[in-house]
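Listed here are the chains, written in short residue letters.
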Amino acid sequence: MSRGAVADRAPRLAGQALGLAGSLLLPVAGGVVLGLTTVYFLAQPVWGDQSWFLYAASRVLDGARIGIDDLAEVNPPLIIWISKLPCGSEDSPACGRR
Amino acid sequence: MEVCLAALFLLSIGWCFSLARRAYGARSDAFAWWVAILLLFIVGVYPWRDYAQREHLLVLAVMPYLVMAAARLDGTVAPVWEAVAAGLLAAVDSRSSPTTCSCCLASKCWSPIAPGFTADTAGAHRPGGRGRCLLRGGLAVHAGLHQQAHADPVRYVSRLYELADPAGRIVAVDSQDRRGDRRLGDCPASAALSRLGSLFIMASVAATVGFVIQHKDIPNQFLPAKLFIMSRLASCSAICSCSGRSAATCPWLPPCRGRDSRRCAGRRLCLLSLSIRAGAHRRE
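Top to bottom, those sequences are chains L and S. Counting from 247, one number per residue, gives the positions in the first sequence under my numbering. Counting from 21, one number per residue, gives the positions in the second sequence under my numbering.
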């Protein structure tokens, strides 16, 4: 193969390689991010505020009232109401309602 | 708990993907996929230790609202039911912490003066005044669910205005919508500023203001500000990633090509890695 032909093919091959890399970038990046999210989701650290809200939600489900008497909580009640969702079932481990 | 969080993840990211895809029809597939992947990184990987914190839930819930607002700036108006659903989701979750409602308020106040706001865009706003309906609905939900609103409404309202200063400008913004059409109607179409990016910046600024107002200095309360600014960088990266295909595939952001492309992509990656490094340092 002559040097000229090689010189002609080189940019084309480089372009094809770049195109291939570009087309693979999206699925590879997507796979990595999805995998990391799944791992992080399954290996969650100990929760701070969330644990308290889940506990408070389980107390509210048991009949406690938010305020001063039953459950001292100064945050708006919505987050406790939202936290009732995962505590809905009787044996929900998230809220310690085994 | 995990099931509920996973459902919120799917709802938020899927909704953003759907909105980004619809903004320019089938042509914006690549852009929509990049938006979805980068947003997944921002809400799923970066805030690992703050999973399910109120601030994390806020970002998940507000993201569709912001993307919908950006799409509206581009002239794509979502159906009424979808707009109401996004507004309610954002409003309900904004209510989990008193100061976070400022994120939605800031983006709403910013929309009429955003660089992409032209006569056509204003036309997209006008039918039914959906944005205004959403905001008022959000404020109604806010008031309805706040303990203080029931116990001491006068103090509640004054505190709301004190905490979220933009709330005081809502009426002014609404009444200026039409004047804004004329004043900004001549904006060049090539206003090279990102609509989506500018909305994220406003949300980030509002979240920072909320963080400062609280005077608590708890790091996770700064999370929404960081995540919104990272979303702005991510949206820039998304446009750089697909700018080689065609300008039409990449709405919302200015295309960058050639040497400029490499330079701006590098700059954005540096900023993104610095943000991640700062977050990792905090965790240590």
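No wet-lab data here; the hints were simulated from the structure. Note that the Cβ used here is the ideal one computed from N, Cα and C, for glycine as well. Treat the hints with caution; some may be incorrect.
[What the hints assert, rightly or not] Quick partial rundown of chain S residues pointing at chain L, CB under 10 Å, derived from the structure:
#1 V23
#2 W35
#3 F61
#4 G64
#5 Q73
#6 R74
#7 L108
#8 V112
#9 T228
#10 F242
[Unchecked claim] With beta-carbon atoms standing in for the labels, derived distance ranges:
#11 A26(S) with W298(L): 16 to 24 Å
#12 R311(L) with A26(S): 26 to 34 Å
#13 A26(S) with L271(L): 34 to 42 Å
#14 L259(L) with K236(S): 52 to 60 Å
Tested hints:
no. : hint                             : verdict
1   : V23                              : holds, 7 Å
2   : W35                              : violated, 17 Å
3   : F61                              : holds, 5 Å
4   : G64                              : holds, 4 Å
5   : Q73                              : holds, 6 Å
6   : R74                              : holds, 6 Å
7   : L108                             : violated, 13 Å
8   : V112                             : holds, 7 Å
9   : T228                             : violated, 20 Å
10  : F242                             : violated, 14 Å
11  : A26(S) with W298(L): 16 to 24 Å  : holds, 22 Å
12  : R311(L) with A26(S): 26 to 34 Å  : holds, 31 Å
13  : A26(S) with L271(L): 34 to 42 Å  : violated, 26 Å
14  : L259(L) with K236(S): 52 to 60 Å : holds, 58 Å
The structure fails to meet hints 2, 7, 9, 10, 13 from the earlier list, while all remaining hints are met.
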